[in-house]
Amino acid sequence: MGVQDYFELLRHDYTLRTISLGTAMMGIVCGMLGSFAVLRKQSLLGDAISHAALPGIVIAFMLTGLKDPLVLFTGAVVSGFAGSLFISGITSRTHLKSDTALGIVLSVFFGFGMLLLTLIQKKPNANQAGLDSFLFGQAATLMVKDVYLMGIVGSVTLLFMLLFWKEFKILTFDAQYTKSQGFNIKLLDSLLTSLIVVAIVLGLQTVGVVLMSAMLLSPAAAARQWTNRLEVMVVLASLFGAFAGLAGTAVSASIARISTGPVIVLVAVFIVLVSFIFAPNRGLLFRTIRQWRNRKNLRINKILVLMFETASAHPDFSHPHSVNILTNIQGFSKKRLREMESKGLITYDKNTWKLTPAGFETGNKMYKDLNTN
Amino acid sequence: MTSAQIEIQAIAVVVAVACAIPGTFLVLRKMAMISDAISHSILPGIVLGFFIVQDLSSPVLVFLAAITGVLTVVIVEIINKTGLVKEDTAIGLVFPALFSLGVILIARNAGDVHLDTDVVLLGELAFAPFDRLIVRGIDFGPKSLMVMGGILVSCLTLLVTFFKELKLSTFDAELATSLGFSPAIIHYSLMSATSVTTVGAFNAVGAILVVALMIVPAAAAYMLTSDLRKMIILAAAFGIFSAISGYWLAHMLDASISGAMATMLGFLFVLIYTFAPGKGLFAIMEKHRQQQREFAMLTFLLHIKNHSNNSSNVEERQIRHLTGHFNWERKQARVILSLAMKNSMISVENQLVTLTEKGLRFITEALDYIVNNQKSELESVKGRFLLFR
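Taken in order, these protein sequences are the chains called A and B. Residue numbering for the first sequence follows the working numbering, starting at 1 and increasing by one per position. Residue numbering for the second sequence follows the working numbering, starting at 1 and increasing by one per position.
Keep in mind the hints are simulated off the structure, nothing from the lab. This one's a predicted model, so the numbers in the text were calculated from it and none came from an experiment. It is possible that part of the hints are untrue.
Among the chain A residues that face chain B by a calculated CB cut under 8 angstroms, a handful are [to be verified]:
1) Thr-100
2) Leu-217
3) Leu-285
Computed Cβ-Cβ distance ranges for the label pairs, DEER-style [as the list claims (entries may be wrong)]:
4) B:Ala-184 to A:Gly-65: 52 to 60 angstroms
5) B:Arg-108 to A:Phe-278: 23 to 31 angstroms
6) B:Phe-140 to A:Phe-278: 35 to 43 angstroms
7) B:Glu-315 to A:Gln-176: 39 to 47 angstroms
Ideal placement from N, C-alpha and C gives every residue a C-beta, glycine not left out.
Generate the whole structure from the sequences, applying the supplied hints.
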């Protein structure tokens, strides 16, 4: 199926349009708040909270008997937030470290959720409908009212983020300073954590418990590679998230027997991979090129310093010297000499070289730097 | 109890003990979330293994899946080394990616593979006794019991053989390295043991309960002791407790066994988290209050000392002055006064407080100590002087 066909399909197929809208919206919200999670070193919090949401979903269903998205959403948020409270309680009050706290909350909450779920189903195994959509996510079950809920919750989150932008920003980068400026950091912290919980719960139905952490992290981790500015990062992460959602939906719609959640996650991880390699400044490719270039410059400089030492021993610095005295230097080659000549540092012909005035000046400066340090 | 019930409990107990051993080291090495990552990222390995041998408890499958587990750790380390993202982000990216691959592999081959992602994630202990190891007509018991038994024995052997090395490298990696133990070898051995145990256990209890069985008993044991040997034994004991009580809870409620086991573990942890002597919630609160009390007493004694010299200021040493000057509640004033009297720091005559000789010595030494060692606590001085606290 070509791109054109896909857009054609998108125009006619109501279900596909709904799902695409939902996954894109989820991607935007996750990207936005994931940026904060990544920068605050809370990456795995997403994993723990998504698991911790399960008992809340089941209890909400048990209490109301409704499968209404708003009811389940509220239950999930409450229990996800309870999970995050437990985590901070364990790390702040005991000597256990955050990774242990995350592991405990993740597995115990999830296990409890499963117990409740099998309890209401009265069946020994939990393969029944309902659980599946939260374990692995079922974008196909997204309905218009789910998308409405996503839209409303997403807008509220965005509003909060814009309102508290400055506070969240300094809280993320310097919590101590924030405290010293008189902000209530406990309150801000719980507000930001609640927003992250909301984003996670929003994604649960689409990509599922297990893959949620990647949905939260990937757009932000990718965006981080392209910029050092928070506002750019948040916008980029939202775009990446939306793209992953749309592309994942498109791919899984065009290939038979493939669920949407895993494809969305793979697309998102692919974006991370591309960013790791091709991002300017931080990316691996440019970093390698830069290192290679630096190494070359370093060699040239080393040769130049030696040339300066040789030349300054002679009353006339532009006196020609033999190339042979340079051959012992590591990294020496004729090619380097030609490069130095093209930079105007030396003049070079066949077997002799001499420093140009510019070369003498540069060499002198480097020699002094070397000896002062 | 029927024989199936006994077998289920036996499997649960073996799994719990096998998980407790690597789990203890993971918790101590601050790598608890690695077990979560491994438990998910083994999925593609399991699927590939299942394509080849068509048997979930075959050693070939265990081996293949364990390799995927170790591979996860390697990929996380490679990403970590680039410095592009923090380690926890790397973990959070790698395992969902591998898990997604596994899910897609299963979905694409649904017709040929009788493997359900739910089974991998949640496990089903109740069915374990039906999959039996029968060689030449002789029934050797459930396959997963055999596999897990083998894994448990190898874990125990490794633990006993390399206990000293593991202990040293866990608590003082630098010393271990300088003594010639390769940290890489120990690290990867531990990771391999974790992977193998996870793969062996997932079939019985599911990937998520594996995390519970590795982390929660070890964390609970760590709340109670700092001795590595005791910690491993306690963790194993907690695991066994959760296995048996979880089974019966599930039996009573007719619900998922692995869910019930995780719930029991959570219950146990909350109990220990709240009541553990020394490190539990109440113990820490009590310690906090004790420090506040003793600090208040110190301030009070200092105040008395400052006003002991000039007789003109007798007013400052009146008992009623406590509530006035220090702004203390009546009850708090009484507590602090009685604490000081019990430790014979002060004597009271006609509502007038006087420092005893012991009190004077205490306050002098405490002051000296505070001036000279600003950062450390007063505990040693307090320990010598305070009989009642």
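Handout entry: Numbers of unmet hints, in rising order
Key = 3 and 6
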